[in-house]
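**Q** Chains as they are written, first to last, in our numbering: chain A, 1 to 361; chain B, 362 to 722; chain C, 723 to 1083.
It is possible that part of the hints are untrue.
[To be verified] Stretches of chain B that chain C covers, calculated by requiring three or more beta carbons in the stretch to come under 8 angstroms of a beta carbon on chain C:
1. 516-522
2. 651-665
[To be verified] Some chain B residues judged to face chain A by a derived CB distance under 7 angstroms, without partners named:
3. Thr386
4. Gly390
5. Leu411
6. Asp439
7. Ser447
8. Val454
9. Pro534
10. Ala571
11. Asp592
12. Val644
13. Val679
14. Arg681
15. Gln686
16. Ala687
17. Val689
18. Leu703
Keep in mind the hints are simulated off the structure, nothing from the lab.
Even for Gly, the Cβ is constructed at its ideal location relative to N, Cα and C.
For reference, the chains in residue letters:
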Amino acid sequence: MKATVAELAARIGGTVVGDAAQSVTGFAGLSEANAGDISFLANPKYAPLLVSTKATAVLVNAAQTDALVTQIVVKSADFAFAMLMSVYGPQPVPPPAGIHPSAVIGERVQFGADVAIGPFVVIGDGAVIGARTVLYPQVVIGAEATLGDDNVLYPHVTVRERCVLGHRVILQPGAVIGSDGFGYATVEGVHHKIPQVGTVVIEDDVEIGANTAIDRARLAATRIGRGAKLDNLVQIAHNVEVGAGGLIAAQAGIAGSTKLGKFVTLAGQCGISGHLTIGDQVVITGQAGVSKDFGARAVVRGSPAMEFKTAQRNEIAVRRLPETQATVKELRARVAELERKLDALLAEKQAEKSAARPAGA
Amino acid sequence: MKATVAELAARIGGTVVGDAAQSVTGFAGLSEANAGDISFLANPKYAPLLVSTKATAVLVNAAQTDALVTQIVVKSADFAFAMLMSVYGPQPVPPPAGIHPSAVIGERVQFGADVAIGPFVVIGDGAVIGARTVLYPQVVIGAEATLGDDNVLYPHVTVRERCVLGHRVILQPGAVIGSDGFGYATVEGVHHKIPQVGTVVIEDDVEIGANTAIDRARLAATRIGRGAKLDNLVQIAHNVEVGAGGLIAAQAGIAGSTKLGKFVTLAGQCGISGHLTIGDQVVITGQAGVSKDFGARAVVRGSPAMEFKTAQRNEIAVRRLPETQATVKELRARVAELERKLDALLAEKQAEKSAARPAGA
Amino acid sequence: MKATVAELAARIGGTVVGDAAQSVTGFAGLSEANAGDISFLANPKYAPLLVSTKATAVLVNAAQTDALVTQIVVKSADFAFAMLMSVYGPQPVPPPAGIHPSAVIGERVQFGADVAIGPFVVIGDGAVIGARTVLYPQVVIGAEATLGDDNVLYPHVTVRERCVLGHRVILQPGAVIGSDGFGYATVEGVHHKIPQVGTVVIEDDVEIGANTAIDRARLAATRIGRGAKLDNLVQIAHNVEVGAGGLIAAQAGIAGSTKLGKFVTLAGQCGISGHLTIGDQVVITGQAGVSKDFGARAVVRGSPAMEFKTAQRNEIAVRRLPETQATVKELRARVAELERKLDALLAEKQAEKSAARPAGA
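Bound-form chain A, shown alone (with noise of 0.2 angstroms):
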């Protein structure tokens, strides 16, 4: 990369604070960058590094007065900052276009234009690989399946049989889509596997992580909305749906049969029972375990999970319990003394009416 300040700003239409003549040469975070890097400030946390980062020149979302850095100041300096790096910055190595002569390709598979096949990937008969879709090697696409163009598909990625993908779907390496969906029906102690037959449609625009597993339906399909995109190691059972614009983060987990609106957010290593709806821009906080439906834009927290200012006035509840636990302990001896000084009081005066009165009375 070599470009001046003023360049990488008109690129991604920003204002120059500072040198605008300065050459960049790379990219960094702000505490790594040296001289002849870009870097960025999005997380106002590390705010300060603005004063001490030796990079040339760093994207903002609004210019810092005390900064002693040229300024790029744009609408989003995390979005700018990856703009300029799917242009200047390294690229993945995909396998060479075409398709590697080892890999094993069934009767009747259709491909795009400019596929790129690698070695050891086998494909089941009937499948459709679309344009200038990458494979990388050991890729496994089962019969019937259909991967629509500009997928990428990482090493040890499993599709199995007639699940479908959209376009622009990326899949990180060992990510599992289609597998059976965790069904049996007992009878007499015996757990009788229940075919499941659906499969997976996975939208537009979606990205799943590493060794990620998505449940094929019992029936019709589990589905990823479009813009969806899930972290490593989540689990998503069989007929799960993920709205559009999904947020999934890493080892969260969606128990069978639930819904989830547009937008929806989990943290890491939340859980969500089965046959639930769960309504547009929810957001699940971190280890939250969800056994209800929540209506659109909820905030949930614990587990199990309840509206995220109940749970924290709970928590804060709790953590001043032991402090309430003394305050009663203390009150029980308090209200034993009032007692006793009352009932002295109340059977001195009883004794005093007694006296008061006459005698035979």
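With the hints as your guide, set chains B and C onto chain A.
**A** Structure of chains B and C alone, referenced to chain A:
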């Protein structure tokens, strides 16, 4: 598929309530069904759909009087539907029978009759592959491993050296059998690897989910009992024993040397510490964290896990805690007020007594 | 194996208590051992087995006076047993030395001496494979990745482009090194992928479990420090740093940019939020959810995680909470009764005063 309601009912021993002469051509869930489909009602939550479904017939556990659709009454609608699907439904597409020429087969490997070995499968020296067992593309079987009859191993499964699988075992894509247990002896700040030279024994009729990992024992064997079913992304540490008929949902984990009795159920994302004993038919709920033994038929919940009723009682208590703390605060004020009034009264009384006493007494 | 107790003791610097002339022919746990086996006692929970074991000799940390079996006293029974097993025990079966003819090797790949490259391995252009390193079948090494000496990569491991592994690194089956970090810039409802062009650096003597995923950095490197050991199904997000000697149990997860000090221990299923700093020798217990920094040597528990003693105190308080609430209810009644009695008394007193006062006063 093309059968009458009467034919289907006969095959599963069901009783028709409605028009037995209708033709059935497909399978579907109650909501998605169209005319010609057969469906089922297993979860009573969905009973209202019996009125609105477009299915031609529905399998039910008990006839619903208000249903508008033809019903087939059976003992287990789930199981009966599964039976019909396994006969009439679509089937997965195994590799063609025989050994694909690209497979790499070690020395002294024994094959039963009619195996199907897919492309790029690797089988180590001295392994045994039972009759009719199917190895999908890119399965790796280690040296001296033994697989029984009628197994199905999906793509990218690894079975490491010397592990033993019974009959009718199913391994979903990416499952790992026989990885080294997590064992180190730490001496002067260095973690020395403890050799893990035991194996994994998987008994008959077990199914293991996608990307689940089962570690080999340090010595002897990690064991998965007959008929147990494990979901995706489950962790089974070295020397664990899962009893017969166990059901382990996704992302659950069991630490080293823990023994589960028969027909234990682990819900999603629960964890069990090492060196514990869990009795027969114990149920561990979602995200529970078990750190002590539980006897037969216990139902446990929470992290740390305790008996379900105790855990639930505590959860309810916590939900009422903010109110309890408000009450305690109020009581403290009322007790202080009582103390003030009573002290005043006693002081007044004391004063009266003093006044009533003759001067100089 | 065939050795006397004396020979084994000599090799590990142990002291024999009992008959040193006996022959040892195998290894086993205390419960499973038969005559001829050597066993070990590491976890004091199993000390009673020293009386009942059929082993010929047992490694112990301190001689047990009531043991009936020959003992070999060593500093660490665990470590000594491991040493004996690595010398006398069964060994895993690596692919034969040399490069299997089916492997696909890119351009400019450098091999050290005596590598063992299994069937269907794929190595990208410009990669470096150190001396004596073993790649089991179907390992994929990306372009320009560097592996040190004496590494062992089990089947279906993926190491993506440009990642760097030190010496003596072990990767269990299905581990993924260098998947893209989970990073998106959301602009007007669209999640734009942020290029993840950093790498993963794994230092010497690290072991990584089955199906564990370690994401490459956005820039710079995700780093696993020397001698750290990671169990199965662990999630390491982009730009995380695990310090030297870390121990990370199964299904634990660390979110982006968090830094762990040296010798940090993470128990199973715990999670750490992003952008945190965790000090040296911190211990995080099972299922804990860490959402703030902790200094050196902290032991933390719970979700949200807090100091162990505080968390435990709160847990005990919650277990007593239903009883506390009963006490509060009882106190409220007693306070009301006190108020009633005292008010009555005061009213009576007031009445007496009024009566005692002259009429019309």
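**Q** Give a verdict on every hint.
**A** For each hint, the structure was consulted:
1. 516-522: holds (count 4)
2. 651-665: That given contact holds, which follows from 3 residues of the stretch 651-665 of chain B lying within Cβ reach (below 8 angstroms) of chain C.
3. Thr386: 14 angstroms, violated
4. Gly390: 5 angstroms, holds
5. Leu411: 17 angstroms, violated
6. Asp439: 4 angstroms, holds
7. Ser447: 5 angstroms, holds
8. Val454: 4 angstroms, holds
9. Pro534: 4 angstroms, holds
10. Ala571: OK, holds: Ala571(B) within 7 angstroms of chain A, min 4 angstroms.
11. Asp592: 4 angstroms, holds
12. Val644: Val644(B) check fails; min Cβ-Cβ to chain A is 13 angstroms, beyond 7 angstroms.
13. Val679: 5 angstroms, holds
14. Arg681: Arg681(B) check fails; min Cβ-Cβ to chain A is 9 angstroms, beyond 7 angstroms.
15. Gln686: 5 angstroms, holds
16. Ala687: Because about 10 angstroms separates Ala687(B) from the closest Cβ in chain A, which is outside the 7 angstroms limit, the hint is violated.
17. Val689: 6 angstroms, holds
18. Leu703: Check passed: Cβ of Leu703(B) comes within 6 angstroms of chain A, closer than 7 angstroms.
Checked against the numbered hints above, the structure violates hints 3, 5, 12, 14 and 16; every other hint is satisfied.
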